[in-house]
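**Q** Please model the complete structure; the sequences and the hints are all you need to start from.
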Amino acid sequence: MSIFGVFSRGIVKDNPVFRLVLGMCPTLAVTTSLENALGMGAAATFVLTCSNVVISALRKLIPATVRIPSFIVVIASFTTIVDLLMQAYAPALAGSLGIFIPLIVVNCIILGRAEAFASKSGVLRSAADGLGTGIGFTLALALIGAIREFAGGGSVTLWGGLALTDIHGNSMTLFVLPAGGFVVLGLLLAGINRLQEAAARKHGRPAPEPAAFDCRHCALCKIPE
Numbered sequence: 002m003s004i005f006g007v008f009s010r011g012i013v014k015d016n017p018v019f020r021l022v023l024g025m026c027p028t029l030a031v032t033t034s035l036e037n038a039l040g041m042g043a044a045a046t047f048v049l050t051c052s053n054v055v056i057s058a059l060r061k062l063i064p065a066t067v068r069i070p071s072f073i074v075v076i077a078s079f080t081t082i083v084d085l086l087m088q089a090y091a092p093a094l095a096g097s098l099g100i101f102i103p104l105i106v107v108n109c110i111i112l113g114r115a116e117a118f119a120s121k122s123g124v125l126r127s128a129a130d131g132l133g134t135g136i137g138f139t140l141a142l143a144l145i146g147a148i149r150e151f152a153g154g155g156s157v158t159l160w161g162g163l164a165l166t167d168i169h170g171n172s173m174t175l176f177v178l179p180a181g182g183f184v185v186l187g188l189l190l191a192g193i194n195r196l197q198e199a200a201a202r203k204h205g206r207p208a209p210e211p212a213a214f215d216c217r218h219c220a221l222c223k224i225p226e
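Be aware that the sequence shown starts at 2, since it is given in my numbering, and climbs by one per residue.
What the hints contain is simulated information worked out from the structure, not anything from laboratory work.
For lysine to any residue, the following SDA-like pairs were computed, each having C-alpha atoms within a straight-line distance of at most 25 Å:
| hint | residue 1 | residue 2 |
| --- | --- | --- |
| 1 | K61 | F47 |
| 2 | K203 | I12 |
| 3 | K14 | I148 |
| 4 | K121 | R68 |
| 5 | K121 | V54 |
| 6 | K14 | I4 |
| 7 | K14 | C51 |
| 8 | K61 | V106 |
| 9 | K14 | L132 |
| 10 | K61 | A77 |
| 11 | K14 | E198 |
| 12 | K61 | I73 |
| 13 | K14 | G192 |
| 14 | K61 | F118 |
| 15 | K121 | I136 |
| 16 | K14 | L190 |
| 17 | K121 | D15 |
| 18 | K14 | F183 |
| 19 | K121 | A65 |
| 20 | K61 | G123 |
| 21 | K14 | R202 |
| 22 | K14 | C109 |
| 23 | K14 | S3 |
| 24 | K14 | Q197 |
| 25 | K14 | F118 |
| 26 | K14 | L189 |
| 27 | K121 | C109 |
| 28 | K61 | S3 |
| 29 | K203 | L189 |
| 30 | K121 | A77 |
| 31 | K14 | A147 |
| 32 | K14 | G113 |
| 33 | K203 | G192 |
| 34 | K121 | S3 |
| 35 | K14 | R206 |
| 36 | K61 | V74 |
What follows is a list of derived Cβ distance ranges for each label pair:
| hint | residue 1 | residue 2 | range |
| --- | --- | --- | --- |
| 37 | I63 | L86 | 25 to 31 Å |
| 38 | F5 | P103 | 32 to 38 Å |
| 39 | A65 | G96 | 38 to 44 Å |
| 40 | M2 | L190 | 23 to 29 Å |
Nothing here was measured: the structure is a model prediction, and the numbers come from that model.
The beta-carbon is built from N, C-alpha and C at its ideal position, and this holds for glycine as well.
**A** In structure tokens form, the structure reads like this:
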């Protein structure tokens, strides 16, 4: 697969939220506004891309028996960097995201890409994979955050004072509550599955099976021979 193919796969085909259904904790928790969603996505993309590059560069030096602790040390280092930068230059956003920035260390998307791709691929391909997956994650968060903020408060905040306010006067508090995150995510997943089924039938192909990514398919705890 080409570098562009690796990059684009994480955005569409293997989108971490809409196709692999990973990273649900930050997806549901921080998407009460578009600004929070973009901030979380940017932070995760930075950590994902940088950790993929470093892990790929060191993959032949890391013993298989300690690969997971080694990956976590690398991810934690970049998470600390982005956390400190955010506190210094975007303290309001850092306050809104709270504990979910430090929790990037244990984000299954980042550790999963390190184990499944970066530890087995070259630096350029790993960088493309990290950047593409991060952008896919950010776009998914942004879509959910924009819908929840618009429906819940009648506004959409891109960054600070850059916002559209009083778009409509019928605010629905449900959408900014935790239950609203599940409702929006479920509707989006159902819509995406429906569109994929329609596209498959149009081209004479069988409808794709739902993605089956769970603990039974996880390779993180398997030591390669």
